[in-house]
Structure formats: C-alpha cells, structure tokens
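Participant: Residue-level listing of the chains:
Number of protein chains: 2
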Amino acid sequence: MPESSLPQIPGVRLASVAAKIKNWQRDDLLLIDISEGAAVSATFTQNAFCAAPVTVAKEHIRNGNIRALLINAGNANAATGERGIDNARSCCAAVADALKIGAEQVLPFSTGVIGEHLPLQKLLDAIPVAADQLSIDGWDNAARAIMTTDTRPKTTSRSVEIAGEQITIVGIAKGAGMIQPNMATMLAYVATDAAIAQPLLDELVRDAVSSSFNRISIDGDTSTNDACVLIASGATGPQIADKHSAEYERLKAAIVEVHIELAQAIVKDGEGATKFVTVQVQGAANSEEALQVAFEVGESPLVKTALYASDPNWGRLVMAIGNAGVEGLDTAKVDVYLDRVQVVEAGGRAAGYTEEAGQAVFSKPEFTITVDLGRGDCSEHIWTCDFSHDYVTINAEYRT
Amino acid sequence: MPESSLPQIPGVRLASVAAKIKNWQRDDLLLIDISEGAAVSATFTQNAFCAAPVTVAKEHIRNGNIRALLINAGNANAATGERGIDNARSCCAAVADALKIGAEQVLPFSTGVIGEHLPLQKLLDAIPVAADQLSIDGWDNAARAIMTTDTRPKTTSRSVEIAGEQITIVGIAKGAGMIQPNMATMLAYVATDAAIAQPLLDELVRDAVSSSFNRISIDGDTSTNDACVLIASGATGPQIADKHSAEYERLKAAIVEVHIELAQAIVKDGEGATKFVTVQVQGAANSEEALQVAFEVGESPLVKTALYASDPNWGRLVMAIGNAGVEGLDTAKVDVYLDRVQVVEAGGRAAGYTEEAGQAVFSKPEFTITVDLGRGDCSEHIWTCDFSHDYVTINAEYRT
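Chains A and B, in that order, are what the protein sequence lines are.
Going by the numbering used here, the first residue of the first sequence is number 1, and it counts up by one from there.
Going by the numbering used here, the first residue of the second sequence is number 1, and it counts up by one from there.
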C-alpha cells in the first residue's frame, strides 16, 4: 500500500508517536482529536474481564461530547485492578490538559500484554508531543501505530455523495496477532465527515459491528480489550437524522462495507491463516440458529485443520452441523455445498460428488461452504480461517 | 500391559475377529454375548447427525432384554441414510441368527470413517465366526478390536465385596484417535457381574457418564457415534434395587471410578496430547456456571497452545474465564492457582507470583488449574489436554 493512501476526514486530526511502551522502534501511541459537535459511538468487548481502559471508556462515552481518543499498543492495561483504572484516568487527564478539553471527553484504549501495569510516565511524556503533531493526514501512520503483531496495517475508505456533497469514510483496524501481546484484541476506528444524529449513530455502530466484527472467528476467543468506534465529525453536509431517508441508507451501506472490509482483513491476517472461508447457512428457521450452525462449523478445530490440509472432509462438516444444538434438526433435509459443488445431499454423500471436485474447491485460498438446513428461509454467514501449524507455533511461542 | 490382564465377568462372553472392514491385519469386529436376565443401560451421542447404528441401538434398548452387542471399527455407518439403517439392522439379524435371540435384542455400534456404506457382506460373514469363538476371557482382545487410531487400548477393572460376594467390574474404551476414521468417536463398555435393577442401572449409567465422559475435552467436538454401555449380568450376588443401601453406594463408587479412569485415559491418549490438565472451578454459585467456566478454559485454543508451550500465560486464563458468560461475574473476586501456586489474586496478578513458579507447574506433564470465582460453594472439574503441532499434523493429514 502506498504512503498516505487514506483520505482526510475534515474534523478529525491524528498523531502517532513512539512512547516506547515496549522496546519497539515504531510508533505505539495514537492520539485522535475530534472537532467540537461531532458524534461518537462505540461497542466494547463482552468479556467479563474487560480491561481498565474499557471500563473508563464506557463511563466517559455515556456523557457524550467525546473530543479525543488515545490508543496505545504494547500493554493492554487488563487484569490490573484499581491501579489500572487510575492509570487509564491519568492518561485521559493528560490528553485533556494538552487539548484543553475535559478528561471525561477522552476515550482510552489499550492493546498488548495483559496483567502488567502501564509504564505511565512514558505515556504522560508522549501525550503532549502527540498533541503538538496532530494532522489531518495521519490515518496511514495511525493504522500502523495500533498494530501489535498484525503482519500488515488494515485500512480502507469509501466516498459517497450525499445531498450534493462528497462524504468520506475512513477505517483502520488491528486484529488477531497474538505473539507478543498474547491477546487477539481487535480495535477498529471508523470516521466520516458526515453529520449523523447521535441516536442514529448509536444504532449504526451496533448494526455495522453485528454484520462485520461479530461474524468472524479466528479461534473463538474474545479479548478483554476489543472495541469499535464510529466517529461522525459533522464537518460536511446536512445533519442526517431520518433513518428511512435514501441518503442515510446509502451512507449506512458504505459505512457497513468499511466495517466488513476491516473484519475480513482481520480474518485474512489471522495467526498462521492460509485460507479465508465464508460459511453460509441458509434454509434456517431463524437467524439465531443459522449463526449457531455457521459458528459451530467455522470454529470446529477438526474443520479448521481440514481446511488447512485442503481436505474436503465432509464428515467433519456434518458432525459440526449436528453439534450446533439446533432443536429438532432433520438431518435428512441437510445439503452442503463447497462453492457450487454439492457434497452432502439429504444428509448423506451427494450422488454426483467426487473427492476430486471437493478437493479442487478446498485447495483454493478463498471459498464458501454453504449449508442448507431445509427448515426455513433465513440465511446468515460468517468468515473464518484455518488452523495451521503456524497457529500453534505462534501461540505456543514463549512470551518474550 | 500383560496379556489377559482383565478379569472375567461371569455372564458376559466376547469374541474379536478380523472382518477386514479396512485393509487392517488386526481384529476389527467385536461380539459381546450377555446372559439372559442381565440388565443393560446406555447413553448415546447428542449429535443431531447420529449414526445409523445409534438410531437402531436407541430403538432396541427401549424394549430392554438386550442379549448382545456388535461393535465394528473402520466404518462409522454415519451419514449413510436409509441404507445405513438397513445395514445396521441386517447386522443385528445376523447376530440374532447366530445366537438364537431376537434381532431387537442386539445393540449395534460402529466407529470409523463416516459417509461410506458398511461392507455388509464382510460383517455378515464374520458374525457367525465370532459367535463360535465367544469366550469369557475375551476382554483384552476386545479392547484392541474397537480401537481405531488410539495409540493404546484403554482398559481397567475393580473388585468390590458386596454381601460377602466378590463383585468384578471391567471397562474398555476407545477414544480420540482421528487420523483414519476422521472422527473422535468415544465408545465405552463397562460390565459387572452384580445384579442391579434396571431403573437403578439406568440412573447409574447417566451419573457415571456425567462424572466422566461428559467432563473431558479433546477439542470440543462431539462425534456422531459416541456411546457408553453398562452391563450388569446379575451372575453374582443378590439383586440390588435400593439406591440408599451401603452395598449400592460402594458398587456405584467403583463403577464410577472405572468410567473416570477410562475417560482420563482417553484424554491422555488425545491426539498429539503432551499434557493432562485438570481444570477445577470452585466458589461458583452453581454447578452449571462452574462447568461453563471449566469448559471455556479447557477448550480455549489460546489456553491449549499455552499448555503445549509450558507457558504459564495467565492472561489467557482470565480471558477464558471472562468469556464463559457468567452473569454478573465480579472479576475482583477471582483467584487462580496453578497447582498450589497462586497466579491471580482478586482479578489481578498475585503479589507473590513469579514466572519461575508458574513455569515450574506448567512444565509438568500433569497439573491442575484451579479457578475460584468467589461467588458460592459449588465446585466442578473437567480434564483436558493441550493443542500441539501433532494435533494439527494428525488432523490435517489427508484421509488415506
């Protein structure tokens, strides 16, 4: 990706600096400054052991009027008790000082090793330096500053015309690289210069996350620090408050696309991943059971090792489908396709199926497993990757 | 293990023969003949894609008066539709002919590759041969005949004095060897010469399985063919029908022990497993949440790769605990111990904890992770193993 490939978002300035939280040579601290009057929404991890910054961010966002985000890599500030909370608050206060805003207008985020205290002084020293370097051109550097062991930055953008004005959307994310930080923390920041009313934005971030980050599986674990933030700076165009307007529909579609592209990029950069697989479940009675089956298939270690081996082992697929706990599933109505190759028909091996045809699909770097439950009209999909030797190597490597 | 190390169970005769279901040189068909008047109970897989023999066995056991079991290795007769059911019934009929009993008095079991039809004629040819070789000394051969890719047979026995008579219990099982059959089918057969009333035996098999096979995790997948059978031949001692009698308590304890020893042997022989780990959850409000946390820890790929690496990565442990979905969990009350070394205290790193102490425990081939939730008095435990490079190699190998 060329330098400065991401467009500017009027109303949002960024600065990345090297706070030396770990002994890295690279930037590890990102400050995002948001203009007054912007709307900010976020979703956070459901893990009961949520990290200190998550606790503080949830508290601050309740009051609205958020003006800055501070993200550090290298230390998750998780499982750090009261001192962790105090450290997160101290960072917010330092940002507030530097930007002349209130500390409760700052959302803190951390990703990295858990159970160790933040090197607070390093962050406090770096924050004013970052505040002096804020720039509207900072998105590409930002995407790199939040990486932990991601092999590449994850960025995307869209442009939409709304009421005659060109609206821009930029998204950056970090994903499932766990060698050093030991945690598959996913962080995503999406910003637009559109003006979206706060209640609409709150709904939009939930919808977007539900169609993107909540539909991917690297290994079924949820981190203590996961968060996704959506910023509408309001710098361009009219205020959008009607969820049934064509303008909002178009804008929403583009914002959801940005989330999906970032989520897929995280799966593709999953630890040791060599395959990117869509699991599509159709013919379900409802959305819940469709997702149950999709995740059971997409998270089964036996399925994931078969993906790695390019082995169209359909016995493992039916086993996983059967394990999903779908009440009253009639297995004699279940069909399974590997791309367009039917492998299971009425619960058994499809008449025309050949190992060669299945093998040809499983050998591709990207393909779709489609399960038809034959129970209804609902369909859902998730994205997953394989379990490789490298997954074990990466995750079994001693923390250094 | 020396030959013929397992004792006889009066009232139960066995024969193992080579039906050549696969191109193996070894025995792959086991016939168990049970004397008239015995009680037989069983539990079966909850997988919706249950195999044809499971469907037939569930139907037959409803009528009681079971007189024979037929178990084949090498082909699971799963995902085989109506023809699979017909094949399982034909096998039962052949056993009935050979033993002069009713076909509905036979329980069929299969383990092996799924989605392929049984080589029926080979089984029909082998069944009369087996019927001619039935012997009260057949348990050790039986344990080997039901193996698929298990690296060793799993057997155990106990002896208990009940009302002045010596009662014997024998158990054999096969476990999580998946190279060839592609499925981690668990089969277990436990027999005693005690006389146990059918309703009590039905309860006993459920209790025994719940404390043993339902508390192990190799990779979180449940097979299409899993089954556990408990036979009380009634050849020795008085009929036991009072569940509150001291005799029954003693007998039950010994039978449960046999189940637990077989379940643990399956984990220890888990594919590529190098560690045997007990996950103990205490201080839970109820048994359900204790098991939820135990399985979340014991099945997390991040925890299992850390076990393999002998890396006391307690961040992954708290992450898994936090992911278990325990409503209202107060993480500030959570303690975690590695054997006797406290690693987490009040949700954070324990004051006296050192990496060296944690490392010493994680380097052992067997140890216990204890989680105290600080919410109540309930405790539960499960047994798990690590995820190794060999797990991926074994499961990624192409079916041959």
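These are computed hints drawn from the structure, not numbers from a lab.
Just so it is clear, CB atoms sit at the ideal spot from N, CA and C, and this is done for glycine as well.
Errors might be hidden in some of the hints.
[Stated by the list, open to error] Derived pair list, reagent style DMTMM-like, types lysine to aspartate or glutamate, alpha-carbon separation capped at 25 angstroms: (1) B:58 with A:330; (2) A:333 with B:116; (3) A:333 with B:86; (4) A:268 with B:390; (5) B:268 with B:247; (6) B:22 with A:356; (7) A:58 with B:330; (8) A:20 with B:116; (9) A:243 with A:202; (10) B:333 with A:86; (11) B:333 with A:59; (12) A:333 with B:125; (13) A:268 with A:82; (14) B:333 with A:82.
[Claimed, not checked] Output of the computed footprint for chain B on chain A, the stretches with three or more beta carbons under 8 angstroms from beta carbons of chain B: (15) 47-53; (16) 273-285.
Participant: Each hint should be assessed against the structure and marked as holding or not.
Facilitator: Hint check:
no.: 1; hint: B:58 with A:330; in the structure: holds, 17 angstroms
no.: 2; hint: A:333 with B:116; in the structure: holds, 18 angstroms
no.: 3; hint: A:333 with B:86; in the structure: holds, 19 angstroms
no.: 4; hint: A:268 with B:390; in the structure: holds, 24 angstroms
no.: 5; hint: B:268 with B:247; in the structure: violated, 32 angstroms
no.: 6; hint: B:22 with A:356; in the structure: holds, 22 angstroms
no.: 7; hint: A:58 with B:330; in the structure: holds, 17 angstroms
no.: 8; hint: A:20 with B:116; in the structure: violated, 59 angstroms
no.: 9; hint: A:243 with A:202; in the structure: holds, 12 angstroms
no.: 10; hint: B:333 with A:86; in the structure: holds, 19 angstroms
no.: 11; hint: B:333 with A:59; in the structure: holds, 21 angstroms
no.: 12; hint: A:333 with B:125; in the structure: violated, 34 angstroms
no.: 13; hint: A:268 with A:82; in the structure: violated, 37 angstroms
no.: 14; hint: B:333 with A:82; in the structure: holds, 13 angstroms
no.: 15; hint: 47-53; in the structure: holds (count 4)
no.: 16; hint: 273-285; in the structure: violated (count 0)
Checked against the numbered hints listed earlier, the structure breaks hints 5, 8, 12, 13 and 16; every other hint is satisfied.
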